[in-house]
Amino acid sequence: MKVLVPVKRVVDYNVKVRVKADGTGVETANVKMSMNPFDEIALEEAVRLKEAGKATEIIAVSCGVQASQETLRTALAIGADRAVLVQTDAELQPLAVAKLLCAVAKKENPTIVLMGKQAIDDDCNQTGQMFAALMGWAQGTFASKVIVDGDKVSVTREIDGGLETVSLKLPAAITVDLRLNEPRYVTLPNIMKAKKKPLEVLAPDALGVDITPRIATLKVEEPPKRKAGVKVPDAKTLVEKLKNEAKVIQ
Amino acid sequence: MTTSKPISIQSMLLSRRDLEFVLYELLHVDTLTTRPRYADHTRETFDAAIDVTAKIAEEQFATHNKKIDQNEPTFDGKRVMIIPEVKAALDAYCSAGLMAAAHDYELGGMQLPYVVTQACFAHINAANIATAAYPLLTTANANLINAWGSEEQKATYLPHLLSGRFFGTMCLTETQAGSSLADTRTRAEPQPDGGYRLYGSKMWISAGEHELSENIVHLVLAKIPGSPPGVKGISLFIAPKYLVHPDGSLGERNDISLAGLNHKMGYRGTVNTVLNFGEKGGAIASLVGKPNAGLAYMFHMMNEARIGVGLGAVMLGYTGYLHALDYARKRPQGRPASGKDPLQPQIPIVGHADVRRMLLAQKAYVEGGLALGLYCALLVDEQRTAESQDARREAGLLLDVLTPIAKAWPSQWCLEANSLAIQVHGGYGYSREYNVEQFYRDNRLNPIHEGTNGIQAIDLLGRKVGMEGGAALQVLERAIAHSARQARACPSPELQRFGEQLTAAFARVTEVTQKYQAARDRAYAQTALANAHVFLEMAGHVTVAWIWLRQALVAETRLARVESPDADFYRGKLQACRYFFRWELPKTEHWHRLLNEPDSTCEDMQDEWF
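Sequence lines, in order, name chains A and B. Residue numbering for the first sequence is 1 to 250, as defined by our numbering. Residue numbering for the second sequence is 1 to 610, as defined by our numbering.
These are computed hints drawn from the structure, not numbers from a lab. This structure is a prediction, so every number in the text was calculated from the model and none was measured. There's no promise every hint is true.
Said to hold, decoys possible - DSS-like mimics (lysine-lysine), calculated; alpha carbons at most 25 Å apart, straight line:
| # | chain 1 | residue 1 | chain 2 | residue 2 |
| --- | --- | --- | --- | --- |
| 1 | A | K197 | B | K330 |
| 2 | A | K225 | A | K247 |
| 3 | A | K2 | A | K195 |
| 4 | A | K225 | B | K55 |
| 5 | A | K32 | B | K55 |
Please take these sequences and the hints and turn them into a complete structure.
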C-alpha cells in the first residue's frame, strides 16, 4: 500500500510575519521556512502506518519553488521513501495544487493520500477536499484517529459537536488535525540517509495542469491595531454602546 | 533612533542569523566538506542537524529550565529524585542521535565536524545549561574511552554511551585535591585477575548518581600504591555503577555509593554528588591505558573540554542578552531626554541611551564570545583534518594558546553580560519571576570549574605563550597581522585605524611575554606571574578585538551589497566592533602597565595586614 503525503513549505510558525511594504504579500526574504506543521503530522502518521506494516511505501510530494526541496529532504529524513517536487515559481492556489496532486496521484496510484487539514500560511483548508472531489475519492477531514482495516479506513474526525467516526472505502484522502499524533524529531543518521533517497523534479506543464490563479489578490495589509478601551459610567451606557457603536446586540 | 522589529525567528536562545554569519560568512565552515571525513556533508546537512537540535532545545530543554532550578534533585538516602522533564528531554536528545553526532557512521554517528556539533550544542546550553551537563559529560567520557580505552573497554562502553543507554562522569576532585590534583588520595589496588579495586572519596561529581540512564560510567583518577608522588603517579580508571556483562546486559551493583548531594548556587538541575568508592570491599575498576598516565589522558581532551565550558558561558550570556533586548523593546518607562512632556506616552526603555549602552556591551561580549568559541572549535577540526601536516601543527599551536582565553574570557565577560541583563530589567531582573537572575547564577560556575580562571592565567603566561620557543604566540601573531593587513587595505578609514590599534595592542602582549621569558626565575618573572590574571585579561581582550575586527571586515564588505533589513544586521556588527575598539580595547593599556612595571601591590600584601 502506497501512501502519498503532500507537504508544503511555509513560513516557520515561530516567525512573526510582516506585510511587505508594497502590500503584495508577506515578507519571506531572510525568513525561516519549514514544513507546514499539519503536514508533519500527516507524514508522521504515514511513517507509523509503515512501521505497523500497513504501508509499504511513502512518497512525499511538494508543489512550489526550488527551495521546497529542503522541505522534502526533511520529509525524507522523517521517513518518506522518496520525494516528488512539482517545481514552479508561479503563485499556487489550492485548486491548482489539488489538480497537480491529482496528476501525481494518477501517476503513483497511492491507496491513501494523507495531508494537513490546512497550511498555516494561508489557512485555506481547501486542498484536501478539492483533491478528493477531483479524484472522485472518499474523504475524511480533520482526522484525530486513523485505523486502516483491509480495504477500508476508519477516520475519527474533530467536528464542532465532538468526534465523528466515518468509515471510508479505499482509496481515500485524509486531512489531519493537531491531535492525531506527536511528530518525532528527525534523527542525525536519517538526515544522512535522506540525502541518498530519490527526489524527482517535475514541471506543471509536463503534468498537463493549468495552474493559472483563479483568484486575484488585491491587497494585503496588517490587521488593525487594537484600540484602547473606554470606561463607561453605568450598564445603560454599556448596552447603548454595544447596540449603536459595536453593533453586537440589537 | 528607530527600533527595527525582529524579522526572523524570535528565538530567545540564540540568533540564527548570527550563528549563520559566524559559521558561513566568517569561518566558511562549509569548506570542511572537501575533507574526506566530511565528504558526505553539505551546508544543508549541517543546517539540518542545527535545526533539529534547536527544535529539541526549544521544545524539551528550555521548557523545564526554570522548573528544575526551583526543584533541584533530592536524595532520600536511597534514591535520587529528579523531575521527569529532565529524562524526557534527554531521551529526545539521545534518540535523535545527538550524543553520537561527531562519531563515525559505523557507531551510529553523523561524522559532523566538531565546530558544527558545538553550534548545535550551543542551543542546548542556552536552553538549559543544567540538563545540558548530562550529555556534555557523557560525550567527554565517550571521547576519552574512544581515544585511550582498550578494544575491550571500547566494545563494553562506547556503543551504550553513544546511544545514551549509559551516561558518564569525570571523577577528578577530592575534598583535599581540587585544583591541586597532585594530592589525589583515591587508591587503586591491583587484583589477581588484572583488574583493580578503588578506595576513596570523590567530591563535586556532576551526574554522579541518578536514574536518567540505565548505567553510569565513572572515569576516576586514582593512585596505584607504589606509584610516583604528585601528578606523575595518577592513573585513570573506568568504574561503572553496574558491572557490564560482555553481552551488554547489566550485572550487580558496584561498590560505589552516594554519600550526599552538594547544593549549588546555579546549575541546580545537574545533580552534584559526593561519591564513596570501596566502602564494602572495593569498587571494581579497569585501568585505562598505562599506569601513571591518567592526567596526560585527561589533558589530551582538555582543549575541547575548556572550549566547551567557554561556549557554555557564552550561551548563558547570549540568552540573557536576548531576554534583555526583548524586555527593553517592550517595557515602556520614561520619556525621551529631548522632551519630557508627561502627557506624551512613555517610550520603550531601549530608547534610553544608558540602556543601549548596556545592550551594546552585552552584544559585544556574547557575539564576540560566540565567534571566538566557534573559531576555536574550527581549529579542533583543522588540527584533525587539515590537508597538510604544517597546517595541522599550526592549528594545534593556535589552539593551545587560545584555549585558556576561550575558557576564561567568556566566563568572565559573558557573566558580566548576565549582570547587565539584570540591570536592564531593573528590579524585575532581580526577582525570580524573570529568567535573567538564573542565567547569572548558572554562569557564575564557569570561571570556577574546568580549571579556575586563575589556573588558566598561569597556564597562559607560565606555559602556553612560551611553549616551543614561543611558537604558538608567533602563529597567533601572524594570524592577527594578516587581519590587520586586510583592515589596512579596506576602504573604511575607521577599520584601517582599528587594524593599527590591534597591531599596537598585540605588540604589548608580545612585549610582556618576551620580558617574562627573558627574566625567567628572576624577580620580574615572579611578579609578572603573580599578575598572570591581568595578562590573561589583556590577551583575552586583544584576541576578542581581533575576532571583532574580522567580523567587521566581513560586515563591511557585505553591507555594500545588501538591502535592508539584512543591512541592519551588518550595521549592528560594525557598531559592536566600534564599541569594542573604543570602550574595551583601551583597558588593555592599563593592564599592560601593571604587567610591564610590573606592579607588585597584590604580591606584596601580607596576610596579617587584612
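Outcome of the hint check:
1. Restraint check: the Cα-Cα separation between A:K197 and B:K330 comes to about 46 Å, which exceeds 25 Å; the hinted pair is violated.
2. The suggested pairing of A:K225 with A:K247 holds, with an alpha-carbon distance near 19 Å, which does not exceed 25 Å.
3. Pair hint A:K2 plus A:K195 holds up; C-alpha atoms about 21 Å apart against a cutoff of 25 Å.
4. This hinted pair does not check out: A:K225 and B:K55 have alpha carbons roughly 31 Å apart, beyond 25 Å.
5. Distance restraint check for A:K32 and B:K55: the Cα-Cα separation of roughly 13 Å lies within the 25 Å cut-off, and the hinted pair is therefore satisfied.
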